[in-house]
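Engineer: Taken in order, these protein sequences are the chains called A and B.
For the first sequence, our numbering gives the first residue as 259, with consecutive numbering after it.
For the second sequence, our numbering gives the first residue as 43, with consecutive numbering after it.
Please keep in mind that the hints were generated in silico from the structure rather than gathered at the bench.
A portion of the hints provided could be inaccurate.
What the hints assert, rightly or not - Just a few of them, taken from the derived set where beta-carbon distance is under 7 Å, the chain B residues facing chain A:
{"hint": "1", "residue": "164"}
{"hint": "2", "residue": "168"}
{"hint": "3", "residue": "178"}
{"hint": "4", "residue": "182"}
On a predicted model such as this, the values are computed, not experimentally measured, just so you know.
Backbone N, C-alpha and C fix where the C-beta goes; we use that ideal spot for every residue, glycine too.
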Amino acid sequence: MAILRQAAWLLWKDLLLELRRRESLLAMFFFGALLLFIFNFALDVERNKATEMAPGLLWLAVVFCGTLGLMQLFQPERENHCLEALLIAPIDRAAIFVSKACFNLLLMALVEVVVFPLYWVLFGVTAWDRLPLVFLYALLGTVGFSVLGTLFSALTLSARGREILLPLLILPLIVPVVLATIRGMDAILRNAEFAEALPWLNMLIAFDVIFVTAGILVFDWVVES
Amino acid sequence: MVTNEPKRSRGILGMLALVFIVIGLYFGLVKAPPDANQGDVQRIMYLHIPSILTAYLSFFIVFVGSCLYLWKRERRDDILARSAAEIGVVFTALTIVEGSIWGRPTWGVWWTWDARLTLTAILLIIFAGYLMLRSLIEDEERGAVAGAILGIIGFLDIPLIHMSVYWWRTLHQPPSILRPDKAPWENVHPAMLTALALNFLAFVLLYFYLLSLRIRVGESEAKVQRATLDEAA
């Protein structure tokens, strides 16, 4: 698959850049941890309620951090006409899209790997054995978020006030993914039968497939001219 | 050249809309019997349902216009989509306001997180976002392409949101008294149906009248823009 190889190279380029600058990832980590503190002040999360509130709060943190990452996603390409260079390079444009979405997904996944256990520790959640499954749902939700987010991050490149516009466009469109993720995490943390969480998992996978396909199909138009 | 022909047919459309609004209101407020349980309050349905149906029609037109624009790149398709989005947002907002006014006396609350209400609110936000996107991109062609993509994705997202929101509300909460989606079709008085149909017709006529006006504004804007560009060149 030529596209995947091209995407892998582009992803490598972004990772290398991030490794040298460490701008996005550090900011996202810090913001995620900060949010947990703010949740504590704002909601006074009690120990016996922490598990119940985890899906909503965690997903809020994920979405906020993700939005932060999306703002920066195309920043390297905006400098020195890098985007134009990428567009005239003999690569499939879908590869650009896939690499950017994967890059954002990777950043968000790294943040989740740190922030989720931090929540468990800070708020005294005891259900450590549930953490992997919670990760699974969050990750699938993050796929949908990253894909749609990447698309709109590119779409709003030439817009004024992009920082406000971007979350405004993504958050309502992402509602199906958000709902499925949160409900799925909720079922798992309530120690419900897996049969109760399963429909949400199926739904998430379906949404992800739809968004990925749609993203690849329309990305050509997004970056044209 | 602006001929008189479209102006005249637009005028006729406007008059027709006005006539049917009056007839619709007469049928809705006078001819139709009051609801057996809710009394006169229920009469707001004659506006509520037509407005949401018109809003859906409008978003469908956004979708069609967006597809056509991406395909053929004709400015008028973009103007169609943008105009429809604007009016669609107005009708969606109208629906929510009417629903609140209806909800307060019947369910006791202005708003409830019911599936259908939630869906309508999300729809409003998505297409308000569309309008915002359009106003924030200076470059006309880029804005049109971006708008078209959002118009398509936003429209196709509706069934997904619908599905997830319904599931969310049916998986957890048993239907309560606050259910607004009780089918009004069961045991409906024929006069009620007539009133509803007439009002729907009135709304559709009004919608197309507004749409034609808004398209004309869009066309004039495009013309002015072209003229300024020519002058600058």
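Engineer: If a hint holds in the structure, say so; if it doesn't, say that too.
Structural biologist: Checked hints:
The interface hint given for residue 164/B is met, as the beta carbon of that residue sits about 5 Å from the closest beta carbon of chain A, less than 7 Å. Because the closest C-beta pair between residue 168/B and chain A is about 5 Å apart, less than 7 Å, the hint holds. Contact between residue 178/B and chain A, as hinted, is supported at the beta carbon level, the nearest pair being about 4 Å apart and thus within 7 Å. With a cut of 7 Å, the hint placing residue 182/B at the interface with chain A is violated, because the nearest CB-to-CB distance is about 11 Å.
In this structure, the one hint that does not hold is number 4.
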